[in-house]
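K.L.:
Same order as they appear, the protein sequences are chains A and B.
Position 345 of the first sequence, counting from 1, maps to 345 under my numbering, and the rest follow consecutively.
Position 89 of the second sequence, counting from 1, maps to 1089 under my numbering, and the rest follow consecutively.
Keep in mind that the hints were calculated from the coordinates and are not lab data.
Errors might be hidden in some of the hints.
To be verified - Which residues of chain A face chain B? A partial, calculated answer using Cβ under 10 Å:
(1) Phe-306
(2) Asn-307
(3) Met-315
(4) Tyr-345
(5) Met-349
Positions of the beta carbon are idealized from the N, C-alpha and C atoms, including for glycine.
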Amino acid sequence: MRKIVNICVLFLSIIFSVIKAENVVKLKNNISKENESTKNISDNKSLKQADVLNDAISDKNTLSEKNNQINAGVLPGIVSIFPGFILHGSGHLAAGDTDTALNLLLFEGIGLGLFFAGGAALAASGASDKLIYFTAPVIMAGFGLFIFSSLSDIFGSFIGGVQYSNIKHNNLKISTGYMYISDDNFLYENFLVFEPSFHLSHFTLIPLLCFALDDKNQNYKLTSDYELFGSEGLYSFEKIDLSKINILSAFSYYNFDTEEFQIISAEVMVKGRYDLLRFSKSLSGTFVESGLGYSIDFTKYNHNSFNNEDANEQMLLYMAYGILYQTKKADFEFLLFYDHRRDGYAGGMQGGFTGSMGISLYIYKEYFGFKFKFVKGIASIFNINAEFRL
Amino acid sequence: MKRKIIGVIIFYISSLCCSSENENRYELDLLVGNAEIPEASVSVSNGLAVVQAFENGKLKLYSSAPDYQFELVLKQGSAFLWNIEISNVIKNSILTAFNDKNKSLAVNYEDEILPDKVKYSVETADLNKISFSLSAPNSKEMTTFKIALVSDIQDAVDKIQDIFLLMNNNESLDFVISAGDLTSQGSVEELEFFQGELNKLNIPFYSTLGNHETFNDFTAYTNIFGRGSFQFLYKGVYFTFADSSRAGIEPVVYDWLAGWLEDSKDSTNIFITHYPPFDPSGIRNGSFASRIEASKLLNMLSEYNVDLTLYGHIHSYYEFTNAGIPAYISGGGGAIPQKFDGINRHFLILELDASYGVKNVEVVRVD
């Protein structure tokens, strides 16, 4: 009963905040004029990007302080979990950042709206294959917005944003390590992973080689990553930050020698990253990623050769929420992600039409780095790689 | 600050790790057909029937196959007359009994309660063990026969009667098979209601389960309808059912399949499971959760010369091939139909022959 009363009080306080928000809008108009100077700084590409980024953050923080006052801490953080899980933005409201709180609530609403609208369209059409190109992305986008607004509320109200400087792109990274796969339907468990990456201007080439140590199983993949927009992109955004849009394409080959089948596939995906500093100062150091793409694979069974009858299409959907935290000792990049694909070792979740979920932690310095990754689909995957950066 | 960030990350990780564990459904399958009371015990070979009731002198079985054997072990205090009621049997099936010295016993045909439900009685004085064998008429003959396939009924259980009527009116059908999703939520009440509705069908109904049977109590289906994974032989044609209700097949079931498919690789073999390994519209993911597992299964079916694969789950009709094997998806039992595909409620009639294989597949439109 007390919880219900608390939720009602919180809900009412949000309504009062909406009335209060009119005054905030007036204040925002004044701030937007001041923002012009910040944009001019960002446009000047003759300056070092890192300096520009720091200046931009510094300016934005100064401006935001007038707008997004936040007193992040444990108490707002707890509120962001409950009742925050139901009313996103509760944590920011408790921390005094009304503007962000309302935006998060709005995104929760949009997320739920898209999720249920897509779900209703999916159900009403009997999961029609003619509408699935529309319904599946809408459902996943709605789910993504719902999760993004909740996680943002938790991060912002606990921490209140962290500062960061520009990320250096290394021209050559050599990543190698160990991967453990728990899948009761296959004999393999232990893999050796080798994944170098070659970076030149807007373009990165990433070959991947995975060899099972305890089974006759291999996976080879070649990914090309072209940065269209972003700090290293063909075109730069007006504001230089973590945001970017990339075009990825890949070819892969799986050899299941023990089970006597092979799979080849080709895929293309447009993937974007949005720096949440653009959304609120309290979310500085966090970002969301999403990607949409298409793949086709061909399976060669023991009696047959590769043929069109055993070709299978796949919609690629990817969403992630990330945190970038920089210290003098190392940089940390944490990612919580959802991957709609079902053709990898992880597969998708049991039942439904979902893919896999995972977390990754990337710790790096100038010349060395470590990557930890855990993926949960119908199989569980744990991967640890050491990286040499040149 | 570091501690706070680590705290937030731990929260995210714990949210991710809160996924339910896999229940081992195959363990339930192994229990089907076994029951024990102080005066007797019963064991159905390969779990091809559910023990619905077992009291001293009274045994009720619900069949998952036309032909099967079962054994009754009698202990001290056992009744001298046993009434055996068997449901879901082909009309005019014959029950034979033998004592532990393989001597034939008299089985009295008591009553035909329904066209597919029969009551027998056996005198068991001075006997320790009785082996029974249920045989459908002409089930050993290699003749052409017809069966029907209907799947994905779900919440349209109140509309299924007209499909049953069409099946009853077609006297050439020997029995009906299903790839699951018989109910909306898989609750005991729903499953029992559906089993009651099957009384309006004059021929037996053999099924595996779908994902909807696992939404509520995942043990209910097995307790009421029987095993999810099993194989039977009828007129020289093998029917292999596999439980894929969790968008995949359990590793132990792959071992069972290897044995069953090895036995049947030189005969006509029909494979039935709920989820199609691959969705013909791959974008939709109405298929196995893992595509590499799907490839593993299809490779196995291809290796053992399976003649036909039958699936449900998708509420439409598709005809295609997978790993070179003819495949049909038929989910026309009445669950929310897929739109814009030109087909509504329907069922399939399959004409099969042990020496010829699959002679014909006909789509019967209901709406």
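K.L.:
Look at each hint and say if it fits the structure.
P.N.:
Checked hints:
1. Phe-306: violated, 12 Å
2. Asn-307: At about 9 Å, which falls below the 10 Å cut-off, the nearest Cβ of chain B leaves the hint on Asn-307 (chain A) intact, so it holds.
3. Met-315: holds, 4 Å
4. Tyr-345: Hint holds; Tyr-345 (chain A) Cβ to chain B Cβ min 7 Å, cut 10 Å.
5. Met-349: This interface hint holds because 6 Å falls under the 10 Å limit.
Checked against the numbered hints above, the structure breaks only hint 1 and satisfies the rest.
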